[in-house]
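Read in order, the letters of the sequence shown are residues -20 to -1, 1 to 192 in mature numbering (1 follows the signal peptide of the UniProt record, and there is no 0).
These are calculated hints, taken from the structure and not from any lab test.
Please read all numbers here as calculations on a predicted model, not as lab measurements.
All C-beta atoms in this analysis are idealised placements derived from N, C-alpha and C, irrespective of residue type, glycine included.
Careful, some of the hints might be misleading.
To be verified - Heads up, simulated DSS-like pairs for lysine-lysine below, C-alpha to C-alpha not over 30 Å straight-line: (1) 186 with 96; (2) 28 with 138; (3) 43 with 186; (4) 101 with 45; (5) 101 with 43; (6) 186 with 45; (7) 186 with 101; (8) 186 with 28; (9) 43 with 96; (10) 45 with 96.
As the list claims (entries may be wrong) - Distance ranges between label pairs, derived from CB positions: (11) 146 with 183: 35 to 43 Å; (12) 146 with 9: 19 to 27 Å; (13) 183 with 148: 31 to 39 Å; (14) 148 with 103: 24 to 32 Å; (15) 185 with 98: 17 to 25 Å; (16) 141 with 102: 41 to 49 Å.
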Amino acid sequence: MKILRLLLLFLFSVVHFSTAQKNESLFRLSAVVGINGEDNFIYQKNVKHGLAYGIDLYASLSKRKFLSIYLSHGQYHFFSDISNSFKYPYLSPEDGKALDYGRQSNTSVSLIYNYKILDRKRWEASIGTGFGLMRHQTSSFQVTYQTSPDRLSYQIQKFYPVDEYILLALRTEVNYQFAEHWIVGIMSHASVPAPNGLGFYQITPKITYIFD
């Protein structure tokens, strides 16, 4: 992925410059697993959260400022149009009614500038913003609700072309250092929706290793 290689090169160049200026130089590597949500605010209804996972590489610029590259993948499910509440998660309350049940996935890489608003001995909290590139894939199934509530009929499966979007990324996180080289925390990462209404958000616990 060319964009990822360019971002990594940029990150290491900035850190090298920071070290030359005798600023604090510190790397961290995080693994995250949590909730992925995505909403096309124009077309989709009743979005079901899915799984998100990724890795985060941090490079410190100073005591409170750092850059990060976040590579993640997530998916979620939705119905294109639901007007009534229903008894079962993916079924219509009306026998024989067809629904457009969809699954969407996103893979994104983001470059984030972060600032620590809290920096205590073991606790820290930060906010950040930057930009990201998201690859978005949609597949959908037309679902028919049968006479038995436990039966589904998948009538049509459709796959759509992969779309790419450049999005503004926003982040907040809170971390606790429980050992010399280990940190646990929770992170929220979101994108500002594109002009077509498409955006995503993630809420993930994270485990971080500190390289010094």
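Taking the hints in turn, this is what the structure says about them:
{"no.": "1", "hint": "186 with 96", "in the structure": "17 Å, holds"}
{"no.": "2", "hint": "28 with 138", "in the structure": "19 Å, holds"}
{"no.": "3", "hint": "43 with 186", "in the structure": "21 Å, holds"}
{"no.": "4", "hint": "101 with 45", "in the structure": "16 Å, holds"}
{"no.": "5", "hint": "101 with 43", "in the structure": "12 Å, holds"}
{"no.": "6", "hint": "186 with 45", "in the structure": "19 Å, holds"}
{"no.": "7", "hint": "186 with 101", "in the structure": "19 Å, holds"}
{"no.": "8", "hint": "186 with 28", "in the structure": "22 Å, holds"}
{"no.": "9", "hint": "43 with 96", "in the structure": "8 Å, holds"}
{"no.": "10", "hint": "45 with 96", "in the structure": "6 Å, holds"}
{"no.": "11", "hint": "146 with 183: 35 to 43 Å", "in the structure": "23 Å, violated"}
{"no.": "12", "hint": "146 with 9: 19 to 27 Å", "in the structure": "25 Å, holds"}
{"no.": "13", "hint": "183 with 148: 31 to 39 Å", "in the structure": "18 Å, violated"}
{"no.": "14", "hint": "148 with 103: 24 to 32 Å", "in the structure": "28 Å, holds"}
{"no.": "15", "hint": "185 with 98: 17 to 25 Å", "in the structure": "18 Å, holds"}
{"no.": "16", "hint": "141 with 102: 41 to 49 Å", "in the structure": "48 Å, holds"}
Consistency with the previously given hints fails for numbers 11, 13, ordered from lowest to highest.
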